[in-house]
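There are 4 protein chains.
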Amino acid sequence: MKRKIRMGMVGGGPGAFIGAVHRMAARLDGEIELVCGVFGRDPAKSRACAEELYLDPARGYADYQSMIKAEKALPEDQKIDFVSICTPNRFHFPVAKAFLEAGFHVLCEKPLAMSSAEALELEALVKKSGKMFCLMHNYTGFPMVRQARQLIAEGKLGTIRKVNVEYSLGWLAAPNAGKQAAWRVDPKQAGISGCMADIGTHAQNLIEFVTGMPIREVSAELATFVPGRALDDDGSVLLRFDNGARGVIFASDVATGEENNFILKIYGDKAALEWQEQDPENLFIRSNDAPIQILRRGWPGTGEAAAKNSRLPAGHPEGFIEGFANIYRMFAESIRTGKAGDYPSVTDGVAEMRFLEAIVANSNGTEKWTKITR
Amino acid sequence: MKRKIRMGMVGGGPGAFIGAVHRMAARLDGEIELVCGVFGRDPAKSRACAEELYLDPARGYADYQSMIKAEKALPEDQKIDFVSICTPNRFHFPVAKAFLEAGFHVLCEKPLAMSSAEALELEALVKKSGKMFCLMHNYTGFPMVRQARQLIAEGKLGTIRKVNVEYSLGWLAAPNAGKQAAWRVDPKQAGISGCMADIGTHAQNLIEFVTGMPIREVSAELATFVPGRALDDDGSVLLRFDNGARGVIFASDVATGEENNFILKIYGDKAALEWQEQDPENLFIRSNDAPIQILRRGWPGTGEAAAKNSRLPAGHPEGFIEGFANIYRMFAESIRTGKAGDYPSVTDGVAEMRFLEAIVANSNGTEKWTKITR
Amino acid sequence: MKRKIRMGMVGGGPGAFIGAVHRMAARLDGEIELVCGVFGRDPAKSRACAEELYLDPARGYADYQSMIKAEKALPEDQKIDFVSICTPNRFHFPVAKAFLEAGFHVLCEKPLAMSSAEALELEALVKKSGKMFCLMHNYTGFPMVRQARQLIAEGKLGTIRKVNVEYSLGWLAAPNAGKQAAWRVDPKQAGISGCMADIGTHAQNLIEFVTGMPIREVSAELATFVPGRALDDDGSVLLRFDNGARGVIFASDVATGEENNFILKIYGDKAALEWQEQDPENLFIRSNDAPIQILRRGWPGTGEAAAKNSRLPAGHPEGFIEGFANIYRMFAESIRTGKAGDYPSVTDGVAEMRFLEAIVANSNGTEKWTKITR
Amino acid sequence: MKRKIRMGMVGGGPGAFIGAVHRMAARLDGEIELVCGVFGRDPAKSRACAEELYLDPARGYADYQSMIKAEKALPEDQKIDFVSICTPNRFHFPVAKAFLEAGFHVLCEKPLAMSSAEALELEALVKKSGKMFCLMHNYTGFPMVRQARQLIAEGKLGTIRKVNVEYSLGWLAAPNAGKQAAWRVDPKQAGISGCMADIGTHAQNLIEFVTGMPIREVSAELATFVPGRALDDDGSVLLRFDNGARGVIFASDVATGEENNFILKIYGDKAALEWQEQDPENLFIRSNDAPIQILRRGWPGTGEAAAKNSRLPAGHPEGFIEGFANIYRMFAESIRTGKAGDYPSVTDGVAEMRFLEAIVANSNGTEKWTKITR
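Residue numbers (this note's numbering), protein chains in the order written: chain L, 873 to 1246; chain S, 873 to 1246; chain Y, 873 to 1246; chain A, 873 to 1246.
There may be inaccurate statements among the hints.
Since the list can't tell identical chains apart, any single copy or any two copies may satisfy a pair.
With a Cα cut of at most 25 Å, we get these calculated PhoX-like pairs of lysine-lysine [what the hints assert, rightly or not]:
| # | residue 1 | residue 2 |
| --- | --- | --- |
| 1 | Lys917 | Lys1243 |
| 2 | Lys1051 | Lys999 |
| 3 | Lys1180 | Lys1051 |
| 4 | Lys1003 | Lys1142 |
| 5 | Lys951 | Lys874 |
| 6 | Lys941 | Lys917 |
| 7 | Lys1000 | Lys917 |
| 8 | Lys874 | Lys1243 |
| 9 | Lys1142 | Lys1051 |
| 10 | Lys917 | Lys874 |
| 11 | Lys1240 | Lys969 |
| 12 | Lys1028 | Lys999 |
| 13 | Lys1180 | Lys1211 |
| 14 | Lys876 | Lys951 |
| 15 | Lys876 | Lys1051 |
| 16 | Lys1060 | Lys969 |
| 17 | Lys1243 | Lys1000 |
| 18 | Lys1211 | Lys951 |
| 19 | Lys1142 | Lys951 |
| 20 | Lys1240 | Lys1028 |
These are computed hints drawn from the structure, not numbers from a lab.
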């Protein structure tokens, strides 16, 4: 019998949103097996959660240190191949570091760390360790996002001139938005930014992923609309790129009534594209000399980049979980082959932290433009 | 450790579309484990496919009779709890019958059988056997379809007057549409109807599921547009219901350019609803005295029926696989509790076959309306 | 100074919907001048309405006979060139007949008459009179409808196989829907049909206009949902065409919550098109081998047929009035040149009446299919 | 006979886009009569154009000075009531000034002038003259924009927090975009800004019109993408308001493939609204505790503000011309009653020029934020 890749998880205990998504995504193709995890800091609760997940309760650990110790001690045919880190931001760095040092592959939720210093340390460690590392930027896993990247790489849009990205949610419009919300605006758990760390980095990452162009300068205004909140719950950023292209990121957690409204519009001198996360099967292509085209996942005219990241025929909607699952599938392949795959890397995590530090500094300062170190 | 429900599969070998969907759906929640199956009639291929699926190759059987025999002989803690049947239509009846008689629960793809006679025999057998039986009509698993049903049951639409259902695909517009297409228009494999058996029954089933109103009379025209095809590749049906409501089903496999365009519009005397499979997260509610409402999966104002069949927050698209997975989740619950769940039953399969026989007879005959026996 | 075409109007008094639309449409291009009319049967009210419309009150007549007499007596440089008839259905025939006989050109709202006998009489009269006659089927005036017709004529869709047309409104869902509604379901004023005469004929006309294919056989069910109503407020019709194409018309005045939901879908063996009146600037083109195309009014890739019937650049929405205005513009051109233009004719009015008589007879009878005489 | 309001026009000669729109809008309701104009600087061409427009060729003037002189000399029952100015920007000020001084009412296309100094001079002159003055910001004439303003004024959105406005066109993406385009990026004709003067001011005006909140501070980046162009063809602006609200304007003439994509999103702490010019009949209302609502022009639940600016029932699309026509209708009413109406005023024109000067200064300078004088 072929063996499945074995996964452990840190985070994703009862009630956690993103941990549950990671598990569904990891299961989807049947090639990854969740075998253990830290599902809470209370030993009994972590064991109970493990059991609930059909695992051996003994492998529901109370902290990542115990998990590492126990897993390392297991026979080769039982211990995990990699850990998936789904905790609040502040644990990303220490947990990733510890697992890398213990010789495990690591898949980690974004943002990579609490600072660019931490990010750089991890980057060096990944290089040194020779382990596979994946930064989970799930939107890069959507088939039509991959297709968008392919079109730009092939020159279909010509020279990119302008980028307009909107990521608006309304869930933090009122003061008490629940446990999932609380840690995201708590500097101790989330870091130097709230909204921008949580969703602004998705915008930054997706722009750079799709266009292949690093953001070089930013002019930003971060805002906090709900009184008493310690971090930004909203932000707008003007962008400059090397080739003279400009852009705007509009991000908000207080955009009342918005669910997860992530819209990417990219204009080149030949054509433009639009993708919306809430309608992810369509990629709109516009130009000045032809009718609007809607590329659809699974349909003729849509290319290889989407096809490789797709499971169903056109018209049978795929969604959010499949986006994660595509990243997991590529990561499992990496583990099997020992070769890094086409998913966001620790270096993308460094870029993300530098972007974040630049916009926070710019928003708090008086200079109009802040350069981003690379 | 809690044990998972164990599933075997008949059908779904290499290249099969719907079998792969069933497997992903069964995996999604981590409570069902695929352990064996018949994945082809050639013993070597079935074994190879089993291995490919991370199963014990010895449990990749060459026919369902061997599978039943072998599984029955296994210890209680290894043998399957139920079989999932994903074959072409003609095997549904014999395979379901054999597994029921062998004491296994059965989940079967639609349509239930090749005739109402077969369907009635299965209905009797299910009753006699005491086993759980689920007819996979996957569209009944979509959260917003469930929500639509709830709204009608609560009287929000008032008395239903008119139903307009469209299910159009273009995949059979040209003569040679591949292996997946071939069996669907071969009377030996598909039965008395092609298009209407394959997708018209989805329309009929969804209308009856959502409204709770059986179709009583039909006037139909089935057509075959591609020369040489032995069964219908298109059909239109006028409908009558007990309460005087009327309806139309427009179904086609030759609707060039359509992917899987399944649209349900139901008009009551108070309000109306619209749901589209290719945009499944929205349920449009219209009335004569208020603005249009869009109920969204996961959002306030959408009720319990959707919430219970949902895994993600609003704005994080769910799709086709989740619809199947909802049915699997309910069926697993049935197996654990011994109680039938809220999914299509063998009796719905009888209704579906009678509908099919009525429209074929009507289309071939001269009478304007044909009554459907119940 | 160039002179404008002079128009008189019968119908369209205070509160009338369609008469006001005709006036706005006739004004839009500044080449037609309304100079007189019958705006009510009470002489004082008709005069008052004329004055309200900035006309000479003396040319607000109390009946069409007086109008004809008075206008004939005016000098050549004052009297009307044509009459626009915007009355309830029953007056279409006598008014059109009288004006034709008096030597005036006629533009008449649809449906042409109360019966095919009347329609045939008018057809003969138009031919004999040598006068210009336009049947106002306003949807044929929309640019993207014209474009749809052009695409089909050019063979872009291939052989037409299936037509699916939906025209649903909710305005008559309740018993008392006002004055505009009342005459439309009164046999004395509307004729043998309510809903189908009012909107079903739009569907029939648009299908024939766009495809160029006459409907040859129908199987219909007309229904009356609101108790006490003397005519149909709903209907569904199966269609057959000479080349074996099939179709469905779904029309309703009791489709709660619908405003004016007129949707045209036409499937050929090469490609398909979709147009929606409530989103009239787009024409969706789908095929089995290319991405969806959205042809937009005014944009590259959209052809001559739309351009000729358009006044604004793309992205600057045109709508309902412009559709009428296109017909008026062509009719004014006809009057100037003496040549019939590319608008619906009295012969289209005959076809419309025969369609209506066929579906009423079929719905009331027991035969499955009824042929339409041509 | 009632008399119509008499209009003269400066600008709008052969081939001009916006002048033709003004004429159609002025005609629509039949209460305004175009009687004369300057339709070109060549006397013969202006006369010919007048004749083409069914006017007395003698009233096709060659310059506005002659027009003023001639019209002043006409009898009271012939001379114009007001002038409509549809020229390139640089003539707005001198022409408006001259007509005001000559005692005529003035309707002027935006932007009001070439500088705030000119704008202030006009403002003083309007006050002194006692004449009616309307600044044509046509988007304020759309029914659902008026409805948006009403909802905010009624507090339905709560406190406004964030505004996201996008106005993107692609028509100037390539160097030679025709005559209509040329003057808009020529500083002599257009002023200190190209894209932002042409469409950025629409965004600024609509934000202030709908929210009632003046923009207080801006941080901007204007860009010129097409080499050799003297003015901006693109711009992004961050906004601050008195109450702490923030905003973004994204405007571009080089957004390849966009037609006239003007999108307004306004987020309050209770609810949010979205309006799109290319789909102008819908107003989306979102909140955190209820389903999405689509308010539709003409439908129950949509209020007085839209109804007063609407001519057709719901579902019968109105568009761009009707927006202009609503402003004309209000302006005609003003002329009849001598009372200023609910349309943009000369003071709005001052605000617009100050906004423009602020963003140009900010974009060229190094300070992060520039205050806007009021």
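Hint check:
| no. | hint | result |
| --- | --- | --- |
| 1 | Lys917 <-> Lys1243 | neither (46 Å within a copy, 56 Å between copies) |
| 2 | Lys1051 <-> Lys999 | neither (36 Å within a copy, 48 Å between copies) |
| 3 | Lys1180 <-> Lys1051 | between (37 Å within a copy, 21 Å between copies) |
| 4 | Lys1003 <-> Lys1142 | neither (41 Å within a copy, 49 Å between copies) |
| 5 | Lys951 <-> Lys874 | both (16 Å within a copy, 20 Å between copies) |
| 6 | Lys941 <-> Lys917 | within (20 Å within a copy, 42 Å between copies) |
| 7 | Lys1000 <-> Lys917 | neither (36 Å within a copy, 44 Å between copies) |
| 8 | Lys874 <-> Lys1243 | neither (50 Å within a copy, 55 Å between copies) |
| 9 | Lys1142 <-> Lys1051 | between (46 Å within a copy, 22 Å between copies) |
| 10 | Lys917 <-> Lys874 | between (33 Å within a copy, 16 Å between copies) |
| 11 | Lys1240 <-> Lys969 | neither (36 Å within a copy, 39 Å between copies) |
| 12 | Lys1028 <-> Lys999 | neither (35 Å within a copy, 55 Å between copies) |
| 13 | Lys1180 <-> Lys1211 | within (18 Å within a copy, 41 Å between copies) |
| 14 | Lys876 <-> Lys951 | both (12 Å within a copy, 21 Å between copies) |
| 15 | Lys876 <-> Lys1051 | neither (34 Å within a copy, 31 Å between copies) |
| 16 | Lys1060 <-> Lys969 | within (19 Å within a copy, 61 Å between copies) |
| 17 | Lys1243 <-> Lys1000 | neither (29 Å within a copy, 52 Å between copies) |
| 18 | Lys1211 <-> Lys951 | within (21 Å within a copy, 39 Å between copies) |
| 19 | Lys1142 <-> Lys951 | neither (52 Å within a copy, 51 Å between copies) |
| 20 | Lys1240 <-> Lys1028 | neither (33 Å within a copy, 36 Å between copies) |
The structure does not agree with the numbered hints 1, 2, 4, 7, 8, 11, 12, 15, 17, 19 and 20 stated previously, though it agrees with the rest.
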